[in-house]
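S.K.: My request is simple: use the sequences and hints to build the entire structure.
Here's the letter readout for the chains.
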Amino acid sequence: MRSTVAFVLLAIVLCGPRSLIAHHSIAGEFDPSKPVTLKGQVTKIEWTNPHARIYVDVAQPNGSVVNWNIELAAVSALARNGWTRSALKVGDTVTVDGIHARSGAPIANARSVVLPDGRKVFSGAADQ
Amino acid sequence: MRTFFLLSAVLAATTLVLPAQAPGQNPSSISTQRRAGPPVGPVPRLPDGTVDLSGVWVGGGPINDIEREGGLPPGELDRLLLPSAKAIMAGRDVTQEPHNRCLPMGVPRTTPFPFRMVQTPTHKAATHIFILQEGNIHSYRQVFMDGRKHPPDPDPTWYGHSIGWWEKDTLVIDTVGYNDKFWFDRRGTPHTEQLHTIERWTRLDLGRMENKVTIDDPGAFSKPFTVTFMATLSPPGDELMEYICQENNQYGVHTIPGFNPLTGETKK
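If you read the protein sequences in the order shown, they are chains A and B.
Following my numbering, the numbering of the first sequence begins with 126 at its first residue and continues without gaps.
Following my numbering, the numbering of the second sequence begins with 923 at its first residue and continues without gaps.
Fair warning: there could be bad hints in the mix.
[Unchecked claim] Okay, derived cross-link-like pairs now, SDA-like style, lysine to any residue, Cα gap no bigger than 20 Å in a straight line:
#, chain 1, residue 1, chain 2, residue 2
1, A, Lys169, B, Lys1071
2, A, Lys159, A, Thr209
3, B, Lys1090, B, Leu1128
4, B, Lys1008, B, Glu1089
5, B, Lys1134, B, Val1094
6, B, Lys1046, B, Pro995
7, A, Lys159, B, Thr1188
8, B, Lys1103, B, Leu1128
9, B, Lys1103, B, Lys1090
10, A, Lys169, B, Lys1046
11, B, Lys1071, B, Thr1049
12, A, Lys164, A, His225
13, B, Lys1134, B, Leu1002
14, A, Lys169, B, Gln1172
15, B, Lys1134, B, Lys1008
16, A, Lys159, A, Leu213
17, B, Lys1090, B, Pro964
18, A, Lys159, B, Glu1187
19, B, Lys1145, B, Pro995
20, A, Lys169, B, Asn1171
21, A, Lys159, B, Phe1181
Derived from the structure by calculation, the hints contain no laboratory data.
M.R.: Take a look at the structure:
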């Protein structure tokens, strides 16, 4: 058992964080080989299942704004790790690292959501 | 790419029973398991000596791959699948599985979210056991414990007609009357309306419960086979939470039909 734990932990480190378990297969919809980094203001928070979502206005180089749909874990998973819907507010500026939808639409599956002061939200347990 | 998915499947299976994560886990994949492992202790019993199945449990069934997660050697199901069933499986678009549309997952599939076994005792013994499932359709399975037999011609349903009884400390659940619409796993392993499942649930100790499932479907497989899964008890204080899959299900809106993440190919 100990070697299995070590193997899995090593594998998690080597693979990088991935959404291994979801109500659907993440890799069916999102492309792990297409990372995106998005910075902008939160315009909407959907505290819902099967995925909580935040929507972020991201400024483009040409001055236009694209509203991105960012997929998070299920509400029950977030809640069991101590997160509540008040962790983020509409208007907060966030930097999101994620992977892009295969269709090319402005949708990403989030790997991290970071506030300007460096705090990570919705990642691990809330008391970290 | 294939290695990634193989690894993912293994991790998906084992992560369910492991203590939780390194710090900085990404926010789209937080597990429902928390830091402590399952509690240790003897099997709890009801006043009449029956095993008490109470608790909030996680696991106990396949998610991604019934063959791998059920402990079968690789390729075993391919050897057992009848040609007609193989054809059905090959024709399935894994991005369009019913589970993604919030349709029932059937038996013995599970989700990363917990379930409760609820025994309903009368002054004699439990007449029903309900399995309350947080994930998927957030509903229940009903197991009749009063000694009745299956009806002779049940209407096919997603969860079938379940009767249960105790064999010493093992709860046996015998189910027929399934429809053929749910998928055993994300791979699309199929079955027919001839499916007959026999689950043997044994609480090994306070924190672990084994589910040994015999799949007997002469319409899809050349012989019955048995797959084994483990459920672990959630930390104390955990309760089922509401999970309404349909409230904001955006899956499938932007997927590419026919895309198979296991091969990277898109079927036309």
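S.K.: Does the structure break any of the earlier hints, and which numbers would those be?
M.R.: Going through the list in order, the structure violates hints 1, 2, 4, 6, 8, 9, 10, 15, 16 and respects the others.
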